[in-house]
Each structure stands twice: as structure tokens, then as C-alpha cells.
Amino acid sequence: MFAQPSSPGEWAEHAIHGDQIRHFEEHGFVAGIPVLDGQQVEQLREQLARLMDPSHPGHSLFYEFHSNESNDPETVLFHALGGWRIEDGFHDLLYSPTLRMTAFQLLGAAVRFFHDQLFCKPPAHGGAVSWHQDYSYWTWTQPMAHLTCWIALDDATIDNGCLHYIPGSHRWGLLPVTGLAGDMKAVEQVLDLDQRSALDGQVAATLRAGEAVFHHPLVMHGSYQNRSPAPRRGAVVNFAADGVWSHPEALEGPGSDRFPILPEGQPLAGRYYPLLFDPERELAGEIDSIPHL
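Count the sequence shown with my numbering and you get residues -11 to 281, in order.
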């Protein structure tokens, strides 16, 4: 699906700029990164349509599968984990040079795959995803050295429920889990006055199909209902820095018994957590020529 760079110079063609890295540092996210061309977007749309069918022959390979994760009976939110194991396009997506290089730049370390996610909000009644921090669901891994990439398979707009962010909220620290689907006000019960006021400064991350937004594991984000006549589909790739390990005293464990769990104290590694980018190998002594954290 992607041609692979074979030299530091070719890898540099996939790097984001220093001002984008500074935006990520300051606000907790950076949006508008081109990842997929039109043909690749269409390929993943077709494969997502197959994966949404519960009778798909590879269904047992999902880590999680929710035909509707919405708490509102009037809306629908499809959400699944593990599509990379079932359809080749979502497997190949992990090896996008742009994803791998950007993940290195924003993590500042060798990059491992953590897990993927698929989302679909159908036209007119697509459900909301409540304000949350990704790492609040990942505390079974330590240290916190994670990164999320959300890739639009449709134009993501305010009308169809694009992601929204609270700039700077990645500096709030880890907050209690208040739920993932439905109630956009639930998070207010764990915020102080200044943090609640910051919700008024939320920013919509609108994207063209094929573009991505990368965000920090603690940045507060969510998305509203799809009220448009078109679907809002997206693919997510979550990364971790090489060396992150399975923590024996986690606040929150994996959400499903089918999630590949590691023995306590073991680093993320092996077939379920492949190494996606090793800067020492790929950049061959030219690491400092690439802006990174």
C-alpha cells in the first residue's frame, strides 16, 4: 500500500516541520497531516464496510467489536479494535512512512504499534464520543509514552462530528475516567473551575479525507453527533515508545479479554506490538537532521 523509504533523505520527505512539532507541544495536538491518497482512502472505506458486518469471517480476530457503543438509543457509534489483523489495508496502514516518521518525531524515541481502532458515525444519527483522555484507558502500560493518530476516511467536519480538542489540556494531569460514549458533560464532574472554563475554548479539528491529526495521550478530546447526510468514518493508530511495559498495578486494564495482554513487567514487543520505526537503523546517524522531541 505504501512505498517504503530506503535512505535518511527519503525518510525526511515524510517528516513534519518544526512549527508543527511546537504546535503539538503547546496545544497537545497537530492536525492536517496528509497520509492517504484518494485511492487508498477508497480501499480502506471498502474494507471498513466489510469489517462492520458481524458475519465477516475474520470477526473472531477483533479485540473489541461494538456495532453500537452509543449510550443514546437514538444514535449509533460503531467502534472496533483489531481491524489490522483482519483486512490487509488496515495492516498496511501501520507502515505508512508518514505515520511512522511523525510518530518518531512526536515521541522522540523508537516507535512500537500499540493498537488500532475503527469508528463510524452514520449519517444523521451518528453518536457522540465524550470528552476523555486516551491514557486513562491505558494505565496498564508504563511509562506514559504514547501517541494517537486519527485518520479521516471522509471529510471530517463540524456537522458530521469531527474531533474537538481542549488546547493545552495535556498539562492537566491524569483525570478519572467518566465514560466514552454519549454524555459530553460527564467530564465536568472531575474538572476544576479553570478546566471547566477551558471547555469553552474547544477547537474543531476539521480534516479532509486522507488527512490525520496526532494527539498527546492526556489531551482532552471528544466528538459530537453526526447531524449531516454523510457518514463520518475514521481509522486510528495508537503508538507507544519502545520500552513501554506492562504495569502490574494499573488503574485501568485492557477493555477486552481478547486484547493481547503481556505478563506483568514485560515490555511491549512481539507479534502484537511490532517495532514500526527504529531511528538508529532508518536514519543511520542523521537523527539530529530531523526535528523531533
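Source of the hints: derived by calculation from the structure; they are not laboratory data.
A portion of the hints provided could be inaccurate.
[To be verified] Distance windows between CB atoms, simulated:
hint, residue 1, residue 2, range
1, Thr127, Asp41, 15 to 23 Å
2, Pro236, Val165, 35 to 43 Å
3, Ser43, Asp180, 46 to 54 Å
4, Asp41, Pro(-4), 41 to 49 Å
5, Ser185, Met(-11), 40 to 48 Å
6, His113, Gly(-3), 19 to 27 Å
All residues carry an ideal CB built from backbone N, CA and C; glycine is no exception.
Comparing the hints with the structure gives:
The hint said 15 to 23 Å for the Cβ distance between Thr127 and Asp41, and at roughly 33 Å that hint is violated. Range check, Pro236 to Val165: about 20 Å between beta-carbon atoms, so the 35 to 43 Å window is missed. Hint check: Ser43 to Asp180, Cβ distance near 48 Å, so the stated range 46 to 54 Å holds. For the hinted restraint 41 to 49 Å between Asp41 and Pro(-4), the CB-CB distance of approximately 43 Å keeps it satisfied.
Taking the beta carbon of each, Ser185 and Met(-11) are about 44 Å apart, inside 40 to 48 Å as hinted. Between His113 and Gly(-3) the C-beta distance comes to about 48 Å, which lies outside the given range of 19 to 27 Å.
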